[in-house]
Each structure stands twice: as structure tokens, then as C-alpha cells.
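Read off the chains here:
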Amino acid sequence: MKLPLTRRDLPLLLVAPGVAWLIFFFVLPLLELLRQSWSQPTSRFGLTTTLSPNPDNYMDAFSLAAPLFARSVGIAALATLVGLVVGFPLAWWIVRRGGRWKPLLTGLVVVPFFFSYLVRTIAWTTLLADSGPLMQMVRVLSLGHLLNNLGLLQDGRLLNTTTALVAGLTYNYLPFLILPIIASLGTIDPTLLEAAADLGAHSPRIFLKVVFPLALPGLISGGLLTFIPAMGDVVNSQYLGGVNDRMIGNIIADLVLIQQRFTTAAAISMLLLLLITFFLLMYMRRYGKTGLGAS
Amino acid sequence: MKRLTRRRDVLRFLITTGGTAAMAPVLSACQPNKGKQNSVPLIISNWPLFIDTDQPGVAGSVRRFEQATGIDVIYREDLNDPDSFFSRIRLPLAMGQPVEQDILIVPNWLASRLIRLNWLEPLPWAQIGNASNLEDSLKKPLWDPKGLYSLPWMVGITGIAYNIKSTGRELNSVDDLFAKELHGRVSFLSMWRDTLGLLMLADGKNITAPTYKDTIPALQRLEQAKTSGQIRSFTGNDYQKDLLVGNLAACVAWAGDVAQLMGENPDLRFVVPKTGGVLTADVMVIPRKADGKREAAQWMNYVYDPINAARIDAATHFISPVKGVKKVFAASSSTAKLIEDPLMFPDKTMANRLHMLGPFSDQDEIAVERQFSKLIAS
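For the protein sequence lines, the chains are H and Y, in the order given.
Residue numbers are given in my numbering: position 133 of the first sequence equals residue 157, and the series is strictly consecutive.
Residue numbers are given in my numbering: position 203 of the second sequence equals residue 508, and the series is strictly consecutive.
Since the hints were made in silico from the structure, they are not lab data.
No residue lacks a Cβ here, since even glycine has one placed at the ideal position from N, Cα and C.
Hints are supplied without guarantee of correctness; some may be wrong.
Said to hold, decoys possible - According to the in silico footprint, chain H covers these stretches of chain Y (three or more CB under 8 Å from chain H):
hint, region
1, 389–403
2, 485–492
3, 645–658
4, 676–682
To be verified - Footprint (simulated), chain Y over chain H, 3 or more residues, beta carbon under 8 Å:
hint, region
5, 267–275
6, 280–291
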């Protein structure tokens, strides 16, 4: 029996599983989130909700989360920046000096992902504890006073501080940042660097005029892959941050896990989605689609 | 307050009472329907540090129960914060489906909520003969007025734990938690009933009939302390690790936990503040449609035997709800001293300082919960 399919149907068949996946696991949950954000629960602990035209959830969301949005953007941006400062030289070294070890070194970057995200973060609480190895080193080197004055320590401690939170976020998302940069730097033709040098450019100028523009797509991809999940992170703030470092993810988790206020949590999630979309649109307006997979 | 007992005394007690308990498998073998082949594994969820565990050469209560009844037990110490725990069981129970566990050991207020939602099975009292050993004062309690759905596991005291080396002095009041010299080294429980209960007592409020208004001064005080950096963290049961490793100098804690932690760090202390401590009861309940109702009844019957209850209590240092535990302790020289511990057997003076947080109206409970959550999550 011949199937009623033509050659033109083949691409449709090939994309169908992906489209179905997106519909079931992205579009429908997103629509449900939107519906929840415009609903009110029928009872305190029940599961049913009814649609409501009043914006109560969004008012609640805004009053609860407005300061946290600003804080989350700041902390995520700082973690991304620190990640770029740490990650770029490492990526450069792997690409330029890795030689035949490059695949292995690239693999080592993702080794932390072999362990649970939660376990890695909780392990950090031991490393950063007041009596942990890092603080012991700070005491041996008599750096406590200096670091306190620089605001890197709070009350002479590292754990449960903004510093620990930013460091934890940077650490946990660093592979997401380094891999696109490695990919980007790998495409730079070394003869371009030689040509720039032959034309009299010094190393900093070569970096600024040749390397940086060519690596920009990777930097942007990596930056976005770090910034976006860091914005909604819960775990690092919970275990490494202080009581005044709570982020937007924490209030969502609290509303869902503690207060059972799914509809308000849905409204905050929608606002977070809008905020990130806004950042992306701003970026695309300024730089086009560079770094968004369409370099 | 210096505790009267050390772990080796408890261990000695566990070994010496082993003779009596060792008869249990023999006795149980004579009873029908107790074979492994006829029963399902019993799944229990409980707090950490809330039972005697296996020690070198001595089986803990779970293992002894398994040996005595032939019932396999999956014992989980997965209750860190009851609110989070509730959110885990809420979905299936609200959908009319069973949860994995056959027994939940939860705070009394959560049991009360589960009863109101009709998400619990009435206990099979006919199969729990030893329930007659329940202390009279805990029969038909406020959280379970008909006395149908719950059996107390332990009664705890919320007070202040501190590390004398870190504080450099004894603490005796809630105000000490706000002292300048402890800046950034203090934690409070993320369970608002315990934290606010303690602070409300310090504010001179009557916590047996609380209102939202009563909590406002305590909430304001916490807010100021949080903003100023006085408070290092709000924790669930996981404050224990921070207290042990020295990240905290003082915290709101439960008496029994601290008594156990003192075995690992003798510098730890627990005190009921002079303004009073909060009594909390944790109770055993069977969730709706649980598979192992019969096995759950056997467990409850087992732990309500005064000897078995004494073994658990000697290890956990909470207030046992089982009559006869005191007598069992008195019979052994290694545990006789426990009777003098007012945190396990509160005398009149101590009892007068302990208060159980009464129920809020629904509206007030929501208001307090929202304010407290806003405080700790933002």
C-alpha cells in the first residue's frame, strides 16, 4: 500500500516531533502559566482556579517582587561579568595554547556538570564555612580586615554573603559561558593576528580591534546563557547568599512551596519572562541577532 | 543548661533494655499476619534526629521493629521544613491519590490542617492496643479534637541554642539573640510558628489564643534585625550543621536536637528563655488511601510500648507522650538521671514556662504567613 505522502511532506514529518515537543512542553505550559496568572484559587489548598479579569495577582506580584527584580538583575549581571573576566582568558588559553590537549581541556570545563548542581552548591557551604579552608587561609594571611573593608566579607565571614552568592553563580554557570567563547575563538584565523602584528598593532590593540569583535558572538551567547538562568536561580541564593540577598527565584519558590500561592507565583514568572524578553529585544535592536545563534 | 546524660549512658541503656526488647521477635512470631510475605514495606517520613538509629552492636528502633514484625521499613528523614513537605504531598492528596508514605510524622498544626482537608485516614485504634499508654493530657488535643486521626510522636521545646565558646557568656533571653556582639551569627527558624511564638512570649503576648496583631511587634523586630545584618539566616531543621561547625553562635532551636548535638560538640547549650519557651507536638498520622494501614498500626503499637518508647526517648531527648517511660528510665542506673532533666520531664516550674501556640483564625493565619514569608524570602 502506498502512503499518501509526497516528497514535499518529508520536511514536515521530520520537524513534527520537535514541533510537538515544543507545543506540549513549552507552549501549553506557558499558556497554563498565563492562565494561572489571571486566575484566583477556589480554595486555599485546592487545585482548582477560576479565571478572573482583575489584575490582583500582578499587583501582588509587583509589590512582592519589585525590589527583587532589581536585585536579581544586578547580581546576575555581576556574576556574568565575573564569569567573563575569569572565563575569557581560560578560553583563550585553551584555544591558543591547548594544542593536542584542547579537546581534553574543553572536556574538563564541563566536568563539574558530572555532579549534581545542588550537591556542588552545598559542597561550597563547607568550603566557605567560617571554619572552612578558605576562611582559614584568609586568617593565616591576615586578609580578614582588608576583605571586610572591601565589602567582600561581612562580619568577617564569607558564607551567607553577596560575595559567596556571586561566586557560586559564576562557578555554576561558568561552563555555559566558556564553551561558546571557545567555539567563537576557535573560528578566528591565526593569520589575522599575525597580519595585525605585521601592520604594527600592539597586543592590546590586536585584542581590541581583532580578537574582541570576532569573539563577540561567543561572548554574547555565553553571557546570555549565564545571565538568564542566574536571574531566576534559587539554590545559590538559598545556600550561599545572606538573608538580604534573596533573588526573584526565591520568592517564586516560597510562594509555590510554602505559601501555596500558585497564581501569584505565576504572575511573577510572567513578569520575569517579560523582563528577560525585554532585555533580549533591547539587545537585538542594538546588535541584531549576533550571538543568538544567527551570527 | 547542662544536660545530665551522655551518649554512652544512652548506649548502655539501649544494650541493657535489649534483653526485654529481644523477646519481641519471639512474641510476634506467635501472632498471625505478621510474616514478611503478607505485608507491604512501611514507608515513614520523619524529621532528622528524631529516633534512635543503629549504633555499633545495637540495632535502632527501625531495625528492631523489622526484626520483631517481619515488616520492611523505609524510614526517611526527609522533613526539613513542614511547609515545603506539605507542598510535596498536597498535589496527590488534593487529587484524591495516595502518597508514598504510610506514616507521616508532622507538627500538630499540619496534622490539624490535614484533618480539616479530610486527607487522613482515621487510625485503626483497635490494632493499636498500646495507644492506651498515651498521656492523658494529650488525648483529644486541640489539633485533633475527636482524637481519631493522630498519635503524638514526641513533644518538643523551642528555645535558644548557643555555643558558649562563641558567645563567651550564658544566654537566657530572647533579647540576647539581638545583642550587638552576636551580629551576623544568629539564625531563626523559617517555621514561623516556632520563631514568632518565642518572640511573642518575649513580648508578653498570650500565645494560646494568638491573633495577627499580636505578631506585629515580633515581625517588626525581625525585619529590623534582618536589614541590619544581625540575622545570618532563616533555616529549617538544617540549623544543626551551622551550629555544629561554628557558623552560628546562637539560634532558635529545639531542645532534643541540641541535646543530641552536644554529644558532638560539648560547647553547645540549650536554654528556655526566661520569658518562656514554645511547646511543639509532632504527631503520627496515616495519609488517605495509604497502602500500609495495618503495618502503620503495628508500628504505632510498637513505639507506644513503654520500653520501646523509652529507647527512642533516651536517644532523642524530647518529651515522650508515652506513659511508663519515666518508670523504664528509673529502673536503669544509666538512665535514671534523665528523669531529673526538666527538658524531658518538665517539673512544675518548667511546665509553667512552656506554652503551646494556639490556632489562629484562618484569616489571621494567612496574614501572618504572608508577612513572615515576605520577611524571609525578599
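Whether chain Y covers the region 267–275 of chain H (at least 3 residues having a Cβ closer than 8 Å to its Cβ atoms): holds (count 5)
Chain Y covers the region 280–291 of chain H, three or more CB atoms within 8 Å, holds or violated: Holds: 5 residues of the region 280–291 of chain H have a Cβ under 8 Å from chain Y.
Outcome, coverage of the region 645–658 of chain Y by chain H - at least 3 residues whose beta-carbon is closer than 8 Å to one in that chain: violated (count 0)
Verdict on chain H covering the region 676–682 of chain Y, criterion of 3 CB contacts below 8 Å: holds (count 4)
Outcome, coverage of the region 485–492 of chain Y by chain H - at least 3 residues whose beta-carbon is closer than 8 Å to one in that chain: holds (count 3)
Claimed coverage, the region 389–403 of chain Y by chain H - three or more beta carbons nearer than 8 Å: Three-residue rule met by the region 389–403 of chain Y, so holds; n is 7.
Checked against the numbered hints given earlier, the structure breaks only hint 3 and satisfies all the rest.
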